[in-house]
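Turn these sequences into a full structure, and let the hints steer you where they fit.
Here the protein sequences come in this chain order: A and B. Residue numbers 1 to 144, in our numbering, belong to the letters of the first sequence in order. Residue numbers 145 to 288, in our numbering, belong to the letters of the second sequence in order.
No lab work stands behind these hints, which were simulated from the structure alone. Cβ atoms here follow ideal geometry from the backbone N, Cα and C, with glycine treated the same way. One thing to keep in mind: the hints can contain errors.
So the derived label-pair ranges between C-beta atoms look like this [to be verified]:
(1) A:Ala-141 to B:Arg-166: 51 to 61 Å
(2) A:Thr-29 to B:Arg-215: 55 to 65 Å
(3) A:Gln-113 to B:Val-186: 19 to 29 Å
Number of protein chains: 2
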Amino acid sequence: MSANSRLTIAAHALAWIGLYQRQGHEVATSEQIATSANTNPVVIRRLLGELRRAGLVESRRGVGAGWSLARELESMTLLDVYEAVEPGPLFAMHRTTPDQGCVVGHGIQPAMQSIYEGIEETLRHELARVTLADVLRDVLAAPR
Amino acid sequence: MSANSRLTIAAHALAWIGLYQRQGHEVATSEQIATSANTNPVVIRRLLGELRRAGLVESRRGVGAGWSLARELESMTLLDVYEAVEPGPLFAMHRTTPDQGCVVGHGIQPAMQSIYEGIEETLRHELARVTLADVLRDVLAAPR
DNA sequence: GCAGTCGTAACAGTAGAGGTTGCAACAGTC
DNA sequence: GACTGTTGCAACCTCTACTGTTACGACTGC
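Here you go:
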């Protein structure tokens with residue numbers, strides 16, 4: 001499927017900011033988050049930018065700038081994050097239009113479309129069941 | 145997510161072979177299926193090769209060669225096809241190991257791994273609910 | 001004005017999907 | 001035994017998306 005790590009990194013960043021804020025800090029920098037996720041600050045800024053457009057985080061510029069949560073972790077679900085960072089559908093149709101003169105070529109796309117929509121709806125439902133507070137709780141529960 | 149069309153094309157091919165066999169033919173060629181799917185025969189042969197390794201189809205060589213179903217469409221589910229053509233997980237972890245000295249960096253992977261496993265199990269369950277006979281029925285039910 | 005951070009563009013590297021060509025292997029038929 | 005049609009498969013190309021990296025302007029508190 002050529003899976004990507006966008007949802008994972010986004011959840012990592014949100015959990016990090018949430019924990020940091022619980023420890024009394026106001027804003028987290030992309031540099032700090034990138035160090036924890038072992039990646040480049042620009043990667044974090046790009047992802048957080050998408051989360052900002054989705055209303056999940058806010059950013060401040062200038063000296064003492066950085067990122068903060070726009071909502072409580074309890075009110076954020078993995079579905080919110082998924083929709084913010086994963087635009088496309090899970091399964092793709094044919095890259096070129098199938099032969100419309102063939103019965104199968106004609107009917108396959110509406111058939112699969114309908115099936116895929118049901119499956120994606122279930123996926124979204126599952127993602128919506130997990131809040132970022134759940135994620136942070138699980139993170140902190142990991143054995144050391 | 146950079147979705148691919150492998151599951152769609154594989155389902156298309158199976159539905160095509162199934163319908164062709166119902167019409168009394170013994171084997172279908174990759175050329176015929178490729179024409180219906182509007183793609184290259186080699187693409188079809190590659191996909192059907194994976195389905196053959198999964199025990200869903202059989203191939204004959206020589207003159208009058210081609211592909212036939214190894215099982216009834218009724219006993220084949222989209223999960224069988226999915227497992228045959230989509231090896232990897234739905235969501236990827238970090239490409240590099242997160243900072244194990246950080247609480248979040250240390251706990252994020254087991255936390256997300258567990259969540260992802262639950263979600264993928266639900267996905268598989270949904271895929272298993274749809275048989276290829278269902279797909280072919282929906283295909284034939286499409287308005288013309 | 002300075003310093004620290006975001007915002008964003010630009011580019012490179014990597015990986016996978018999909019398309020294409022070419023050809024050996026195979027198995028029927030003449 | 002030659003011919004024919006198809007699979008099996010390797011090799012290569014193109015395209016796209018993700019990720020990483022560098023660079024630099026924009027912003028804002030001091």
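Structure versus earlier hints - violations, ascending order: Of the numbered hints, all hold.
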